[in-house]
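**Q** As a plain string of letters, each chain reads:
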Amino acid sequence: MTSLIRAEGISRILDVEPPVTLVQNISFDIKAGQFVAVIGPSGCGKSSLLYLLGLLDRPTTGRLYFDGVDTTDFDSNARSQVRLERIGFVFQFHFLLPEFTALENVMLPMRRLARLSARDTRTQAEALLASMDIADEAMKTPDKMSGGQRQRVAIARALANDPALILGDEPTGNLDSVNSGRVVEILHDLASNQRRTVVCVTHDPEIAEAADSRIHMLDGHIEKID
Amino acid sequence: MLGRLALHLSIVAKHLSQRKRQTAVAVAGVGVGVGFFLAVSALMVGSQNDFVETLIDAAPHIIIYDEIRSPSPQPAVLAFPDATVETRHYKPRNEVRGLKDWQEIMRAIERDPNATASPSLSGAVTLRVGGREEALGIIGVEPGIEAKVSNVEENLKYGRLRDLERVKGGVMIGEELANRLGVGMGDIVAATSRVGTRTLKIVGIFEQGRGQFGSNSGYVLLREAQSLTGQPFVINRIGVRIADPYAAEAEAKHLESRYGYKAESWQERSADFLALLLTRNVIMYSVVSAILLVASFGIYTVVSTSVADKQRDIAIMRSIGFSASDLERIFVIEGFVLACIGVVFGWALGFALMQILDTFKFNVQGRLESLPLDRSTFQYILSAGASLISAVIAAWIPARKAARVDPVDILRGAV
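Protein chains in written order, with the numbering used here: chain A, -10 to 215; chain B, 4 to 418.
Calculated from the structure, these hints are not laboratory results. Note that CB positions come from ideal geometry on N, CA and C, so glycine has one too. Fair warning: there could be bad hints in the mix.
Only part of the chain B face toward chain A is listed, based on derived beta-carbon distances under 7 angstroms [claimed, not checked]:
1) 10
2) 319
3) 323
4) 324
5) 326
6) 327
7) 411
The calculated lysine-lysine pairs, modelled on DSS-like cross-linking and capped at a C-alpha distance of 27 angstroms, are [unchecked claim]:
8) A:133 with B:23
9) B:17 with A:129
10) B:204 with B:171
Just some of the chain B residues that point at chain A, by a computed CB distance under 10 angstroms [what the hints assert, rightly or not]:
11) 6
12) 316
13) 321
14) 328
15) 329
16) 410
17) 414
Construct the complete structure from the given sequences, taking the supplied hints into account.
**A** So, in structure tokens, the structure goes:
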């Protein structure tokens, strides 16, 4: 199996006085189709690592390969393009655009990529919402939906451009147990049945349990991987 | 690319519809700016055009005088250009005034189908009626030709220019002078020049307040002027009218260099007025630009607040895969859209203001005149262009900030 993400000694040091080390000399391989949980106490650098993997941030040192390509020196536009085509984010808070309906939110990345016609974009977005069992909420704005529904819209949006990598930042952090169970189920299904790579930063033991592999972090470095 | 623009526009539409009041204020700002720009410039440019037209048509576009701007140098000076020459005891030659070879000049001008030339002779006489005396500058013209180069005819209150040919010794004078002398149409006046006295008959009166047709000049037949002043066959002016009055300056220069005589274009004649108009334009355009600039402050405020309020949305869009330049463009478009709506309202307002201005009628010497308004499309385009450009700049300043938002900072703060 080829590795989708390969980190070679990446560090992220904030350039402030005194310098703050968020992530320190981390190396790992994540294979395509793997479901990985990143766990550790608050402030251990989990989220910072996730932003690095999602090309939202760039490592201070080390090299990061995405699907075999060294992305370390990609410029801002190239990173945006990779995020658009290959990566989907799910955050702790749903992070939907409040003025847009659920359907419009899902269509946003598709319209930006413009790979499909307007009609296909809509059909595809509706299908994604249906697959999350929230087809009925398509025309609602986020404030008219429950927390669980919003998070499922967010997942549908993350899947909009059929990405290879789904990154979750505490995706169940703000949900009750029923809804969070549902989200874990969906994430697991994305990895095992749709062959997508899922990396989740989490405190949720349920996700840790469901994951194929767990990266334990402490003070910016990897304590162990199991 | 078009799809991308549509996407950006749909995001902008959401942003603007969400903050209706601010949007309305910014749009109103641009609208009022553009509206008043149009009204003010219509009035200013309109009155300027009206004024310049009067300047142009008041007299022939070019007048060739029997003068030279500077006397030709002494032969000795020409012979030793690098030396200092002193000439003494030279005696000025007594030359007969008048344009020499004027028929030749006339023929040369008339060869150009777009030009008409009219010869005239000006001189001075004294009019006497009863005990009253008034100095009069007489201009002797060929009525048929003169009518083609100046608007003498239009300024006549009584009589027609052709009457000069029909009545022997006919003269046309201004209303003020006629009043001062106490004479009217058909009255006989005595005219004294340096060669003698004869009688003239009033065959035309110019309307009051018409510049050079006013108080102290009068028109007679060219032959009459020549005999009155004792200068048979002499003329001392050629008036030229050309198809494009704005070419007068170049044409005058050409005529002057060719014949040596002073050729004065209407621009040279009215240089001080034209300079005044330039100042007026500078003032007007600085004021209306200031209005538009202030309007763009409104746009800056809206876009700037929008960027500040939408930090989280910006981070979300960046995480989805929107690039920094997408974000910059979205907020620039936001300002542009505001300006576009404002321009449309402004055009409507400007049009309405012009309609209102048009209803004002002024009584100018017994005639009802409305304000001269310049309603050219150019002003509409200019006002739109200026506000759109200033709006884009006003929006671009905060939009750059949107582009520089680091999504990680926002995401980290939110979690």
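**Q** Hint by hint, say whether it matches the structure.
**A** Against the structure, the hints:
Hint on residue 10 (chain B) holds. Least Cβ distance to chain A is approximately 5 angstroms, under the 7 angstroms limit. For residue 319 (chain B), the interface hint holds, the least distance from its beta-carbon to any beta-carbon of chain A being 5 angstroms, beneath 7 angstroms. Hint status for residue 323 (chain B): holds, given a least beta-carbon distance of 5 angstroms to chain A, under 7 angstroms. Because the beta carbon of residue 324 (chain B) sits about 3 angstroms from the nearest beta carbon in chain A, less than 7 angstroms, this interface hint is met.
Satisfaction of the interface hint for residue 326 (chain B) is found here, the shortest Cβ-Cβ separation to chain A being roughly 4 angstroms, below the 7 angstroms cut-off. Checking residue 327 (chain B) against chain A by beta carbon gives a least distance of about 5 angstroms; that is within 7 angstroms, so the hint holds. A least Cβ separation of about 5 angstroms between residue 411 (chain B) and chain A falls short of the 7 angstroms threshold, and the interface hint therefore holds. A distance of roughly 21 angstroms separates the Cα atoms of residue 133 (chain A) and residue 23 (chain B); the hinted pair therefore holds under the 27 angstroms criterion.
A C-alpha spacing of about 15 angstroms is found between residue 17 (chain B) and residue 129 (chain A), which places the hinted pair at or below 27 angstroms, so the restraint holds. Among the hinted pairs, residue 204 (chain B) with residue 171 (chain B) is consistent with the structure: their alpha-carbon atoms are about 8 angstroms apart, no more than 27 angstroms. This hint holds: residue 6 (chain B) has a C-beta 5 angstroms from the nearest C-beta of chain A, less than the 10 angstroms allowed. Hint on residue 316 (chain B) holds. Least Cβ distance to chain A is approximately 6 angstroms, under the 10 angstroms limit.
Nearest Cβ of chain A to the Cβ of residue 321 (chain B): about 7 angstroms, under the 10 angstroms cut. The hint holds. Satisfaction of the interface hint for residue 328 (chain B) is found here, the shortest Cβ-Cβ separation to chain A being roughly 7 angstroms, below the 10 angstroms cut-off. Taken as an interface hint, residue 329 (chain B) checks out: its beta carbon lies about 7 angstroms from the nearest beta carbon of chain A, inside 10 angstroms. Here the hint on residue 410 (chain B) is kept, as its CB sits about 5 angstroms from the closest CB of chain A, short of 10 angstroms.
Interface hint status for residue 414 (chain B): upheld, as the beta-carbon distance to the closest one in chain A is roughly 7 angstroms, under 10 angstroms.
In the structure shown, no violation is registered for any of the earlier numbered hints.
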